[in-house]
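*Asks:* Okay, here's what each chain looks like letter by letter:
2 protein chains.
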Amino acid sequence: MIELVAGVDVGGTNTVFALIDQTGKIHAQDSFPTAAHGKFEDYVKAIGTGIFSLSSALGYEHEIKAVGIGAPSANYYSGCIENAVNLIWPGILPVVEMLSMEMGGIPVVTTNDANAAAMGEMIYGGARNMKNFVVITLGTGLGSGFVVNGEVLYGNDGFAGEYGHIIYDRHSDRECGCGRKGCLETYVSATGIKRTALEMLALSNRPSALRQILPERLTSKDIAEAAAEGDELALRCFEAAGKALGEALADLVAVTAPEAIFLFGGVANAGSLIMEPVRKHFENSLLSMWKGKVKILFSSVDEASAAILGASALAWDHLRKNKR
Amino acid sequence: MIELVAGVDVGGTNTVFALIDQTGKIHAQDSFPTAAHGKFEDYVKAIGTGIFSLSSALGYEHEIKAVGIGAPSANYYSGCIENAVNLIWPGILPVVEMLSMEMGGIPVVTTNDANAAAMGEMIYGGARNMKNFVVITLGTGLGSGFVVNGEVLYGNDGFAGEYGHIIYDRHSDRECGCGRKGCLETYVSATGIKRTALEMLALSNRPSALRQILPERLTSKDIAEAAAEGDELALRCFEAAGKALGEALADLVAVTAPEAIFLFGGVANAGSLIMEPVRKHFENSLLSMWKGKVKILFSSVDEASAAILGASALAWDHLRKNKR
Numbered sequence: 109m110i111e112l113v114a115g116v117d118v119g120g121t122n123t124v125f126a127l128i129d130q131t132g133k134i135h136a137q138d139s140f141p142t143a144a145h146g147k148f149e150d151y152v153k154a155i156g157t158g159i160f161s162l163s164s165a166l167g168y169e170h171e172i173k174a175v176g177i178g179a180p181s182a183n184y185y186s187g188c189i190e191n192a193v194n195l196i197w198p199g200i201l202p203v204v205e206m207l208s209m210e211m212g213g214i215p216v217v218t219t220n221d222a223n224a225a226a227m228g229e230m231i232y233g234g235a236r237n238m239k240n241f242v243v244i245t246l247g248t249g250l251g252s253g254f255v256v257n258g259e260v261l262y263g264n265d266g267f268a269g270e271y272g273h274i275i276y277d278r279h280s281d282r283e284c285g286c287g288r289k290g291c292l293e294t295y296v297s298a299t300g301i302k303r304t305a306l307e308m309l310a311l312s313n314r315p316s317a318l319r320q321i322l323p324e325r326l327t328s329k330d331i332a333e334a335a336a337e338g339d340e341l342a343l344r345c346f347e348a349a350g351k352a353l354g355e356a357l358a359d360l361v362a363v364t365a366p367e368a369i370f371l372f373g374g375v376a377n378a379g380s381l382i383m384e385p386v387r388k389h390f391e392n393s394l395l396s397m398w399k400g401k402v403k404i405l406f407s408s409v410d411e412a413s414a415a416i417l418g419a420s421a422l423a424w425d426h427l428r429k430n431k432r
Numbered sequence: 109m110i111e112l113v114a115g116v117d118v119g120g121t122n123t124v125f126a127l128i129d130q131t132g133k134i135h136a137q138d139s140f141p142t143a144a145h146g147k148f149e150d151y152v153k154a155i156g157t158g159i160f161s162l163s164s165a166l167g168y169e170h171e172i173k174a175v176g177i178g179a180p181s182a183n184y185y186s187g188c189i190e191n192a193v194n195l196i197w198p199g200i201l202p203v204v205e206m207l208s209m210e211m212g213g214i215p216v217v218t219t220n221d222a223n224a225a226a227m228g229e230m231i232y233g234g235a236r237n238m239k240n241f242v243v244i245t246l247g248t249g250l251g252s253g254f255v256v257n258g259e260v261l262y263g264n265d266g267f268a269g270e271y272g273h274i275i276y277d278r279h280s281d282r283e284c285g286c287g288r289k290g291c292l293e294t295y296v297s298a299t300g301i302k303r304t305a306l307e308m309l310a311l312s313n314r315p316s317a318l319r320q321i322l323p324e325r326l327t328s329k330d331i332a333e334a335a336a337e338g339d340e341l342a343l344r345c346f347e348a349a350g351k352a353l354g355e356a357l358a359d360l361v362a363v364t365a366p367e368a369i370f371l372f373g374g375v376a377n378a379g380s381l382i383m384e385p386v387r388k389h390f391e392n393s394l395l396s397m398w399k400g401k402v403k404i405l406f407s408s409v410d411e412a413s414a415a416i417l418g419a420s421a422l423a424w425d426h427l428r429k430n431k432r
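Same order as they appear, the protein sequences are chains A and B.
Throughout, my numbering is defined as the position within the first sequence, counted from one, plus 108.
Throughout, my numbering is defined as the position within the second sequence, counted from one, plus 108.
The set of hints was computed from the structure by calculation and includes no laboratory data.
Hints should not be assumed to be uniformly reliable.
Identical copies look the same in the list; a pair holds intra-copy or inter-copy alike.
Below, in silico cross-link-like pairs of lysine to any residue (SDA-like), each with a Cα-Cα straight-line distance of 25 Å or less [as the list claims (entries may be wrong)]: (1) K388 <-> P180; (2) K173 <-> G374; (3) K388 <-> H279; (4) K429 <-> A144; (5) K153 <-> G119; (6) K431 <-> H170; (7) K329 <-> L166; (8) K431 <-> N183.
Here the structure is a predicted model, which means the values were calculated and not measured.
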């Protein structure tokens with residue numbers, strides 16, 4: 109009999125769920141639009157029903173041992189999604205308790221997307237033999253998941269690891285969605301790189317392909333494509349983002365002294381365009397005792413499945429801990 | 109029979125050692141000048157002999173269960189003092205192995221001063237019921253000890269927790285002893301506050317008692333005394349230090365989300381002069397989810413004995429872990 113867990117990715121747009129084994133192989137997968145259910149109770153029921161359907165259709169004997177949920181603003185300790193800004197249900201949502209009931213009492217665990225990504229890296233990815241590492245997710249914003257002594261760092265309240273919201277530049281005028289100014293994610297994220305591009309277009313007269321794109325439509329992907337073709341202004345945007353991230357990661361090393369830092373997500377797809385300046389500024393900025401000792405790597409978890417893999421890794425980790 | 113541990117504080121000037129019980133009571137204590145022994149072997153022997161002498165002179169039955177050593181640049185994992193800049197012996201010093209042999213094989217553990225302070229706070233001080241907290245030591249420099257899930261955060265190499273060396277201001281010209289510019293400890297430490305005072309004396313024409321003190325002799329204690337008497341320029345120095353520390357601690361919360369942050373050491377003795385601006389700027393700078401939720405407190409471990417208490421706490425923690 110094969111042992112499986114269910115991984116659930118609660119996204120603002122879609123909810124994806126899958127049955128996954130200990131090697132990270134996906135045995136079955138499905139999804140539905142997150143906003144299809146106005147009541148959160150119905151939404152959780154739909155997840156439970158969806159998992160049972162996948163299980164019924166599976167042509168071989170198996171057992172679903174646990175469920176892991178990656179969700180915005182999810183609190184590992186309380187098992188609740190707490191005031192998520194990009195979901196339609198306000199307030200405190202006891203997703204673990206509700207889904208566990210729906211699933212006949214099997215263990216259910218939850219955490220936020222970046223912590224799930226860190227779990228995925230530890231169980232299936234490049235951090236398999238590491239006890240101290242960090243995953244930085246570079247998407248619309250900048251998320252982070254810290255692993256310390258082989259455990260995700262949740263902190264006192266379950267919400268540790270918001271590295272996108274350390275202040276990168278205390279003299280900055282860049283407004284962040286959090287209401288403050290100068291947060292790292294206003295420099296290093298898809299939207300941060302776009303801001304840098306708009307700033308550079310204003311400051312320089314240099315010709316650039318980016319001048320042909322409506323500011324509202326400009327994306328970090330456009331900037332990466334222009335940079336790949338040698339557009340100097342676009343290249344400078346990645347140099348600036350790499351500088352900010354490299355410097356900020358050097359500060360991070362002074363706190364948790366990880367073995368490696370993994371970059372993951374849309375912006376990381378720019379490859380050496382982002383990695384080269386990150387590594388250069390990181391090494392230049394490190395305290396001398398850490399120079400040459402801390403690796404910066406791309407995540408080795410398949411991006412398309414990373415969210416459900418991370419969620420399932422959380423479930424495997426939970427089972428592993430409770431066997432001890 | 110009373111169970112005791114020995115706490116050893118390896119200082120640049122003096123080495124202090126004591127026999128301490130589980131409540132933090134010091135049963136016997138002695139010290140000698142650290143540089144009295146040119147060879148490190150002889151130095152370690154002198155510690156061993158010193159502990160045995162204390163033990164022999166004690167008028168009641170007892171057992172010494174372990175030794176904890178707080179030392180500069182001490183690595184918990186390797187048990188070595190590694191390239192300490194303020195000790196007379198260069199290179200890698202296997203202090204744990206050598207002292208354990210000297211002491212007949214009982215467990216010996218070591219870590220740096222700030223981590224030992226965190227241990228002291230956890231075993232004897234205000235963090236007794238906390239699993240996630242930070243101790244910031246404000247002396248000549250700024251040290252930090254992070255506790256996560258009830259364990260000191262050592263990181264991959266044993267040297268995590270150098271919060272004095274995060275970059276507070278990326279546009280700063282303040283040179284740090286580490287060779288970089290803008291480190292937090294160039295703003296928030298006895299020497300940092302002195303720098304701020306010298307800067308303010310240069311920038312302002314305002315009369316101040318600090319103008320009557322030779323720059324070379326000026327100390328943070330002078331500045332605290334002037335501030336206590338209402339000297340406006342001196343008050344501004346503490347406001348500036350409190351702003352820098354409050355802002356930097358808000359960033360720290362975004363990483364480890366502690367329950368409390370303890371301030372300890374010489375500068376902390378300035379009391380409300382430093383605490384008020386720290387708390388004000390900390391609260392103003394926190395991400396909204398943490399506002400009002402993270403305490404900033406003074407250490408409740410007696411400062412005069414904190415170093416040996418912290419070292420002994422490390423020994424008790426080691427014994428506790430190995431009982432499990």
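*Asks:* Determine for every hint whether it applies to the structure shown.
*Replies:* Hint by hint, here is what the structure shows:
| no. | hint | result |
| --- | --- | --- |
| 1 | K388 <-> P180 | neither (32 Å within a copy, 30 Å between copies) |
| 2 | K173 <-> G374 | neither (32 Å within a copy, 54 Å between copies) |
| 3 | K388 <-> H279 | both (24 Å within a copy, 19 Å between copies) |
| 4 | K429 <-> A144 | neither (35 Å within a copy, 50 Å between copies) |
| 5 | K153 <-> G119 | within (16 Å within a copy, 62 Å between copies) |
| 6 | K431 <-> H170 | within (19 Å within a copy, 40 Å between copies) |
| 7 | K329 <-> L166 | neither (38 Å within a copy, 73 Å between copies) |
| 8 | K431 <-> N183 | within (23 Å within a copy, 32 Å between copies) |
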